[in-house]
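Engineer: The lines below spell out each chain.
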Amino acid sequence: MAAESQPEVPLAVRLPSTEKPLTVLHVSLYHPTQDPDTFANVPPKLQHDTNPLLVGRGPEAHLQLRLPCLSRRHLSLEPYREKGGTPLAFCLKALSRKGCVWVNGLTLRFLEQVPLSVVNRVAFSGIQMVVRIERGTSLEAFVCCFHLSSSPLIHRPQAEETDEWESKPQEQPPPSSGQRAPDHPGLHHGPSHPSPGGGTETQLQEPPESMLC
Amino acid sequence: MSNFEDADTEETITCLQITVYHPVQLQSGMFQSIRFYNREKLPSSEVVKFGRNSNICHYTFQDKQVSRVQFSLQLFKKFDSSVLSFEIKNMSKKTSLLVDNKELCYLNKIDLPDKCMVRFGDYQLLIEKEDGESLEFFETQFILSPTSLLQENNWPLQKPIPEDGCYSSYSTQNTFPTEMDENEL
Numbered sequence: 001m002a003a004e005s006q007p008e009v010p011l012a013v014r015l016p017s018t019e020k021p022l023t024v025l026h027v028s029l030y031h032p033t034q035d036p037d038t039f040a041n042v043p044p045k046l047q048h049d050t051n052p053l054l055v056g057r058g059p060e061a062h063l064q065l066r067l068p069c070l071s072r073r074h075l076s077l078e079p080y081r082e083k084g085g086t087p088l089a090f091c092l093k094a095l096s097r098k099g100c101v102w103v104n105g106l107t108l109r110f111l112e113q114v115p116l117s118v119v120n121r122v123a124f125s126g127i128q129m130v131v132r133i134e135r136g137t138s139l140e141a142f143v144c145c146f147h148l149s150s151s152p153l154i155h156r157p158q159a160e161e162t163d164e165w166e167s168k169p170q171e172q173p174p175p176s177s178g179q180r181a182p183d184h185p186g187l188h189h190g191p192s193h194p195s196p197g198g199g200t201e202t203q204l205q206e207p208p209e210s211m212l213c
Numbered sequence: 001m002s003n004f005e006d007a008d009t010e011e012t013i014t015c016l017q018i019t020v021y022h023p024v025q026l027q028s029g030m031f032q033s034i035r036f037y038n039r040e041k042l043p044s045s046e047v048v049k050f051g052r053n054s055n056i057c058h059y060t061f062q063d064k065q066v067s068r069v070q071f072s073l074q075l076f077k078k079f080d081s082s083v084l085s086f087e088i089k090n091m092s093k094k095t096s097l098l099v100d101n102k103e104l105c106y107l108n109k110i111d112l113p114d115k116c117m118v119r120f121g122d123y124q125l126l127i128e129k130e131d132g133e134s135l136e137f138f139e140t141q142f143i144l145s146p147t148s149l150l151q152e153n154n155w156p157l158q159k160p161i162p163e164d165g166c167y168s169s170y171s172t173q174n175t176f177p178t179e180m181d182e183n184e185l
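Sequence lines, in order, name chains A and B. Position one of the first sequence corresponds to residue 1 (the UniProt record's numbering), numbered consecutively onward. Position one of the second sequence corresponds to residue 1 (the UniProt record's numbering), numbered consecutively onward.
There may be inaccurate statements among the hints.
The calculated lysine-lysine pairs, modelled on PhoX-like cross-linking and capped at a C-alpha distance of 25 Å, are [what the hints assert, rightly or not]: (1) B/Lys-41 with A/Lys-83; (2) B/Lys-94 with A/Lys-98; (3) B/Lys-94 with A/Lys-83; (4) A/Lys-98 with B/Lys-77; (5) B/Lys-78 with A/Lys-98; (6) A/Lys-83 with B/Lys-77; (7) B/Lys-93 with A/Lys-20; (8) B/Lys-41 with B/Lys-102; (9) B/Lys-93 with A/Lys-98.
Derived by calculation from the structure, the hints in this document are not laboratory data.
So that you can see chain B by itself, here it is in the shape it has in the complex (with noise of 0.2 Å):
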């Protein structure tokens, strides 16, 4: 049923680029089925599913710690627009999904804004779309993030840096920037 290539007049796809992050990724290899970088192109009426269950879901995290399926997107058009927009719904009775500061339990579902940072446990992921013409076809992205993802971790105010010089690459957003008087080292 599913034939990719689009043989008529060429139409722009709309892209979804997700960048995800989780602060053991290195060690853990939760990412290790992803293809980053590569872009894949999907019917728009796939239910695209995330999650541990790589029968079942499209993209896979190979993480005892995730559910079978984590969450799903769906595509759908809203009657005021001539493109795609995309619904993420969780998936998990265990886990809340948290959008932006939106949090959802299993079965809920909203509208994904344009840009976003979607999070359930440790796992960060900043989804971003860029629309297109299309309404056959839309195409993903994947790409691993080194550091965090979170605002806290962008601004140097927030997290101050020990007279050492060092500090942990591994912090999540469950940290709270310590102040520290020079005096206290």
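So here's chain A without its partners, still in its complex pose (with noise of 0.2 Å):
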């Protein structure tokens, strides 16, 4: 059963033994088959400790999708905090040895990983799942939030630097300090592409062929 997107989501989540607010993360999903067996282990939301959370097709995966040319453990979403007292942030790690994840115009092959910023184009296995992180003060836990879309979350623009990643030296993602709007998260450095209106899918770079199996 699809995850209703409630357009009045308070700013966090709020846990009822203690008054800080949890980070939220808003995880949009998206398969061009429309099976609904893909996302049928996904609930609505899920509340995790401060270890990885895992993503695969795997019976141990916090989140659990179901898709043949998923890995068991296909990647990870491990929260920490960086240096200065900062609240929660992300780093997402590519676990597959066959399959890469295609993240914010990067391509991340087995063990690699990157800081996530505050709104993520992510794609592994014909999946397109858009990561948007709202910032609670809680250490304790954060929560995702899922929503399953119905159309593209990520489409075709010009090409991206990630298709030659052998020859290229890979660049990073700024960390999220301001420098994405967070209402905008079609832009990004290059090429402007402003969001359309409406609507919570936001029309993002399409990843290479290759993410598209």
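The task is to assemble the complex, starting from two chains supplied on their own in separate frames and drawing on the hints.
Structural biologist: Next comes the structure, spelled out in structure tokens:
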């Protein structure tokens, strides 16, 4: 059952026992076949502790996606803190030996990782995932709110530098220090594409063909 | 899921050598569950936790002052590298983790240098990485040091030996060497 998008989502989700709001990861998911089985095990909301959150096909995955070409352990989202008393940040690591993960213009191979920005476009095994981080102050746990999209989240623009990742040095996405305005996820380094008004789906750059297996 | 046997062509394995020391290690037995000198092969996807809770941690310190999970080691691969790298992450809310002279607070993490001194409380861990080819596995080996691993104690000039030739072997980094005039003895 698709997780409903709530236009009036409160700024952050609060734990009843403490005052500190949890960091919320707003995760939109899309797969072209629109097979209801793919995201059948995705709950509307998932609260997780400070251990890495595992995404994959296998039974131990915290976010279990049902696709044969997905690895049992495909990627992880690891909460951590940057120096300086900041709230939770997240690092995405590729765990698949066979497939790779495309993140914000970067192709990650086995064990490669990248810190997430405020808004992130992720693609793997044909799945498109947009992750928007709404920072809370709690260090105990964080929450994922899942939204299943019936239309593509990431679509075709100009060629990406990641097409030649072997020959070019990787450019890390900028840390979320305000360089990307949270309300306009379509704006990023390189030519700007203003995001179209309305709707929760954001029109963002498409990963290379190899990511859409 | 874990199959530690590598049936393909032998690849060299990254080895992490961890030399530990604690000033009261002989009396308190905090290291008794660690198999010193044993080489343990672990999958590179594993997050290796160190702490007091043996159900959660891979390596346990039997000491009430140690946090349930004190710190963890995670493996990753840098974009411009063909070998494994390590990150160390402080998992303790109570105690800072010092990596050389960098202080890590709760959930802070940094890349682990190839050779570095990690400290929390009175615990000293000298961690040395020897690169290997394999991205699938790595190896750990623990060594117990009879003496403090800190630089000050290796410099004779910084710690003058008293006239009677005896000095405490349990000195920690918090003990400043004191100058003694021979007339004061």
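Engineer: Take a quick look at whether B/Lys-78 and A/Lys-98 sit within 25 Å of each other, Cα to Cα.
Structural biologist: Answer holds: B/Lys-78 to A/Lys-98 is near 18 Å, not above 25 Å.
Engineer: For B/Lys-41 and B/Lys-102, compute the direct alpha-carbon distance and say whether it is at most 25 Å.
Structural biologist: violated (29 Å)
Engineer: Between B/Lys-93 and A/Lys-20, is the straight-line Cα distance small enough, at 25 Å or below?
Structural biologist: holds (16 Å)
Engineer: Keeping to a limit of 25 Å between CA atoms, is the pair of B/Lys-94 and A/Lys-98 held or broken?
Structural biologist: violated (40 Å)
Engineer: Measure nothing beyond the straight line between the CA atoms of A/Lys-98 and B/Lys-77; if it is 25 Å or shorter, mark the hint as holding.
Structural biologist: holds (15 Å)
Engineer: Is A/Lys-83 close enough to B/Lys-77, meaning Cα to Cα at most 25 Å?
Structural biologist: With Cα atoms ~21 Å apart, A/Lys-83 and B/Lys-77 stay inside 25 Å; holds.
Engineer: Quick one, are B/Lys-93 and A/Lys-98 close enough, alpha carbons at most 25 Å?
Structural biologist: violated (37 Å)
Engineer: Taken at face value, is the distance from the CA of A/Lys-83 to the CA of B/Lys-41 at most 25 Å?
Structural biologist: violated (32 Å)
Engineer: For the pair supplied as a hint, B/Lys-94 and A/Lys-83, is the alpha-carbon distance within the 25 Å limit?
Structural biologist: The given pair, whose Cα atoms are some 16 Å apart, holds under the 25 Å limit.
Against the hints set out earlier in the document, violations occur for numbers 1, 2, 8, 9.
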